[in-house]
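Chains G and R are the protein sequences, given in the same order. Residues in the first sequence are numbered consecutively from 1, following the numbering used here. Residues in the second sequence are numbered consecutively from 1, following the numbering used here.
Derived from the structure by calculation, the hints contain no laboratory data. Glycine included, C-beta positions come from ideal geometry on N, C-alpha and C. Treat the hints with caution; some may be incorrect.
Stated by the list, open to error - In silico EDC-like pairs for lysine to aspartate or glutamate, Cα to Cα no more than 20 Å straight-line:
#1 Lys126(R) x Glu54(G)
#2 Lys126(R) x Glu15(G)
#3 Lys347(G) x Glu332(G)
#4 Lys347(G) x Glu337(G)
#5 Lys130(G) x Glu209(R)
#6 Lys266(R) x Glu209(R)
#7 Lys97(R) x Glu174(R)
#8 Lys266(R) x Asp91(R)
#9 Lys291(G) x Glu262(G)
#10 Lys97(R) x Asp85(R)
#11 Lys73(G) x Glu209(R)
#12 Lys73(G) x Asp208(R)
#13 Lys291(G) x Glu349(G)
#14 Lys347(G) x Asp279(G)
#15 Lys97(R) x Asp265(R)
#16 Lys130(G) x Glu310(R)
#17 Lys75(R) x Glu280(R)
#18 Lys347(G) x Glu223(G)
#19 Lys73(G) x Glu54(G)
#20 Lys126(R) x Asp53(G)
#21 Lys291(G) x Glu223(G)
Claimed, not checked - Cβ-to-Cβ under 10 Å is the rule here; a few derived chain G residues that face chain R:
#22 Ala50
#23 Gly51
#24 Val77
#25 Met79
#26 Tyr87
#27 Ser102
#28 Ala143
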Amino acid sequence: MGRVGIRGVTKRFGEVTAVDDLTLDVADREFLVLLGPSGCGKSTALRMIAGLDEPTEGVIEIGDREVTEVEAKDRDVAMVFQSYALYPHMSVRRNIEFPLRSRRVPHDERDELVGNAAGILGLEGLLDRKPAQLSGGQRQRVALARAIVRRPEAFLMDEPLSNLDAKLRVQTRAELVELHRRLATTIIYVTHDQVEAMTMGDRIAILNDGALQQVGPPQAVYERPANLFVARFIGNPPMNTVTGRVVNGSGSVRAVAIPGGEIPVAPEIGAAITRLGVDEVVVGVRSEHLKVGSDGPIEATVSVIESLGHERHVFCRLVDGQPVIVRQAADEPVPAEAAPTRLTVEKVELVHLFDPATEQRIEG
Amino acid sequence: MSATDVVVPRTDASAGVSTTVARPRRFGRRVREAALGYLLVVPSLLIFGTFIIYPFFKNFYLGLYRNPPFPNLPKKYIGFEQYTDVLTSSDFYNSVKVTFLFALLTVPAGIALGLALAVLAHQRLKGIAIYRTIFSSTIATSVAVASVIFGTLMNPQVGLLPWIGLDPRPPILENPEWALIAVAITTIWQNLGLSFILMSSGLQSVPDELLEAAEVDGAGGWSRFRNVTLPLLSPTLFFAAIVGSIFAFQSFGQIDLLTEGGPLDKTNVLTYFVFEELRERNNPGTAAVLAIALFAITLVFTLIQMRVLERRVFYGR
Chain G
1 MGRVGIRGVT
11 KRFGEVTAVD
21 DLTLDVADRE
31 FLVLLGPSGC
41 GKSTALRMIA
51 GLDEPTEGVI
61 EIGDREVTEV
71 EAKDRDVAMV
81 FQSYALYPHM
91 SVRRNIEFPL
101 RSRRVPHDER
111 DELVGNAAGI
121 LGLEGLLDRK
131 PAQLSGGQRQ
141 RVALARAIVR
151 RPEAFLMDEP
161 LSNLDAKLRV
171 QTRAELVELH
181 RRLATTIIYV
191 THDQVEAMTM
201 GDRIAILNDG
211 ALQQVGPPQA
221 VYERPANLFV
231 ARFIGNPPMN
241 TVTGRVVNGS
251 GSVRAVAIPG
261 GEIPVAPEIG
271 AAITRLGVDE
281 VVVGVRSEHL
291 KVGSDGPIEA
301 TVSVIESLGH
311 ERHVFCRLVD
321 GQPVIVRQAA
331 DEPVPAEAAP
341 TRLTVEKVEL
351 VHLFDPATEQ
361 RIEG
Chain R
1 MSATDVVVPR
11 TDASAGVSTT
21 VARPRRFGRR
31 VREAALGYLL
41 VVPSLLIFGT
51 FIIYPFFKNF
61 YLGLYRNPPF
71 PNLPKKYIGF
81 EQYTDVLTSS
91 DFYNSVKVTF
101 LFALLTVPAG
111 IALGLALAVL
121 AHQRLKGIAI
131 YRTIFSSTIA
141 TSVAVASVIF
151 GTLMNPQVGL
161 LPWIGLDPRP
171 PILENPEWAL
181 IAVAITTIWQ
191 NLGLSFILMS
201 SGLQSVPDEL
211 LEAAEVDGAG
221 GWSRFRNVTL
231 PLLSPTLFFA
241 AIVGSIFAFQ
251 SFGQIDLLTE
261 GGPLDKTNVL
271 TYFVFEELRE
281 RNNPGTAAVL
291 AIALFAITLV
301 FTLIQMRVLE
311 RRVFYGR
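Please model the entire structure based on the sequences and the hints provided.
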């Protein structure tokens with residue numbers, strides 16, 4: 001069925017390696033999000049699945065067959081482009097119909113399928129318009145309708161929401177999730193927006209510099225980032241990371257000393273640090289797991305407070321000037337600006353530790 | 001609103017001043033802007049008037065006079081008689097036929113070949129720039145050079161044909177069935193560079209993403225060309241058809257150099273006919289009538305093309 005397999009796929013453009021030895025399995029009916037900063041190779045990976053770019057090395061499988069050498073037109077996938085790529089000279093109806101015409105679907109069946117797709121996306125009244133006569137949101141729907149009009153093995157979506165305004169994006173996000181449930185088809189979705197990734201994906205695959213960093217359900221990736229890149233990339237505001245020196249207690253690492261204080265370390269992680277034999281580690285704490293108050297182990301100064309209505313971002317500086325962000329609920333007491341404060345980590349389990357050399361997560 | 005408000009006359013002094021002073025000022029500015037506008041148009045109007053409008057009416061006027069059979073006799077005013085004489089003659093009819101045939105032979109084939117080469121050269125391949133240069137090179141060739149090249153190639157003594165063992169009798173350029181085709185081939189070759197460049201620039205404006213979308217949508221190479229490339233290229237094709245037809249109607253050099261209108265008037269296009277009447281038969285009156293006819297035919301044909309073809313042209317998004 002709609003399984004997609006990517007095995008050891010590498011893509012080089014001359015000297016540049018866009019995708020580096022990528023291996024990824026997308027299950028049938030899964031909504032997988034390829035997430036990464038621009039230029040990380042996620043779009044190239046998608047284009048290789050579509051058949052628009054050829055891998056330099058590796059194998060791509062769709063459904064039950066290997067398609068590495070199969071032309072895009074014969075791969076049985078549908079793609080939604082960032083620019084929507086609607087055919088400007090064709091009406092909405094002709095646009096949606098085009099994949100069916102290309103596959104020589106009989107006329108009656110075509111009308112019915114176009115009607116269905118248009119119905120699902122609420123385009124019934126727009127079928128005779130040209131793309132230029134549509135709003136951005138409507139164009140996006142036409143692009144989706146063109147993709148779902150036949151039932152392909154998989155949908156490939158390349159940043160389909162990035163050209164919509166913020167409000168419409170939130171709405172369409174939810175609609176896409178609903179559409180996925182309704183169609184029960186595999187979706188591979190490329191985005192640089194971590195909110196889209198967190199809210200839409202069954203699993204997220206995070207790419208950086210062409211290499212896969214971590215794959216997993218959104219919550220798992222958020223809670224246990226595999227390395228510093230993922231830790232800093234996922235979450236808003238980003239995770240606070242500070243390099244500290246390990247403090248040894250009775251036989252194993254007890255805490256990490258950072259400018260202005262010490263952060264305690266769970267015993268099993270302390271043991272792992274001891275096994276690694278490093279003197280320094282990178283400490284990561286998410287902004288919502290920090291508290292500001294009159295007592296706490298770390299000395300800091302509040303610099304600026306940003307109120308977002310439902311929450312506050314308290315920008316602090318450690319004694320050496322490194323920035324740290326604390327996220328507060330709106331009902332918590334407001335700290336004084338430009339005043340000394342003390343920071344506490346809520347629970348010792350919420351401290352993430354990374355090897356500064358390999359940037360990998362240190363696990364107990 | 002009360003009744004007094006309506007009947008009270010306006011006595012406000014400042015309001016009166018503003019209406020009496022502001023209006024002439026605005027009027028004055030408009031006059032000055034208009035004057036500047038006309039001043040800027042004057043140079044092109046002068047050129048246009050001297051080389052287009054005046055000759056056009058002069059031509060029309062010349063057509064009303066019959067030239068004497070011998071020089072130095074006065075020409076005779078005969079009104080529209082010369083127009084009817086020339087425009088109903090079999091020579092004129094033949095010349096119109098040859099002109100249209102020539103356009104039909106050169107324009108569609110020229111566009112199709114230019115497009116074919118442009119599609120071939122529109123690949124991301126190593127060394128493709130060399131082919132682009134070769135394909136567009138004829139744009140640097142004059143009609144005279146093209147005619148000499150092809151005239152030599154088709155020459156029965158020194159040409160390509162005897163070299164490959166062919167010796168058509170009569171020689172191609174003297175063969176009533178082949179002469180026009182030979183001139184047409186020369187013309188197509190000479191215009192190919194321009195056609196190629198035009199079509200290449202048109203192809204550049206077709207977004208790659210649309211072709212990729214069509215590919216994912218299951219369209220093969222021909223379907224992508226037919227359903228995406230061609231419609232988006234239609235403004236270029238339309239332009240090429242209109243301009244190409246006008247060029248074809250005005251072709252002269254290759255006829256003069258290769259066939260001189262012969263054999264048996266089979267290549268006697270209207271421009272050449274005009275030239276013959278004027279230079280060889282020394283008959284400015286009939287030449288003027290023919291020139292006006294050529295203008296009218298070009299105009300009408302262009303308008304028809306615009307009506308028929310433009311409906312199928314897709315402009316912009």
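Structure-based check of all given hints:
| no. | hint | verdict |
| --- | --- | --- |
| 1 | Lys126(R) x Glu54(G) | 18 Å, holds |
| 2 | Lys126(R) x Glu15(G) | 17 Å, holds |
| 3 | Lys347(G) x Glu332(G) | 18 Å, holds |
| 4 | Lys347(G) x Glu337(G) | 25 Å, violated |
| 5 | Lys130(G) x Glu209(R) | 18 Å, holds |
| 6 | Lys266(R) x Glu209(R) | 49 Å, violated |
| 7 | Lys97(R) x Glu174(R) | 19 Å, holds |
| 8 | Lys266(R) x Asp91(R) | 11 Å, holds |
| 9 | Lys291(G) x Glu262(G) | 15 Å, holds |
| 10 | Lys97(R) x Asp85(R) | 18 Å, holds |
| 11 | Lys73(G) x Glu209(R) | 14 Å, holds |
| 12 | Lys73(G) x Asp208(R) | 15 Å, holds |
| 13 | Lys291(G) x Glu349(G) | 15 Å, holds |
| 14 | Lys347(G) x Asp279(G) | 23 Å, violated |
| 15 | Lys97(R) x Asp265(R) | 11 Å, holds |
| 16 | Lys130(G) x Glu310(R) | 18 Å, holds |
| 17 | Lys75(R) x Glu280(R) | 18 Å, holds |
| 18 | Lys347(G) x Glu223(G) | 13 Å, holds |
| 19 | Lys73(G) x Glu54(G) | 14 Å, holds |
| 20 | Lys126(R) x Asp53(G) | 18 Å, holds |
| 21 | Lys291(G) x Glu223(G) | 18 Å, holds |
| 22 | Ala50 | 5 Å, holds |
| 23 | Gly51 | 7 Å, holds |
| 24 | Val77 | 7 Å, holds |
| 25 | Met79 | 4 Å, holds |
| 26 | Tyr87 | 6 Å, holds |
| 27 | Ser102 | 4 Å, holds |
| 28 | Ala143 | 9 Å, holds |
Of the numbered hints listed earlier, those contradicted by the structure are 4, 6, 14.
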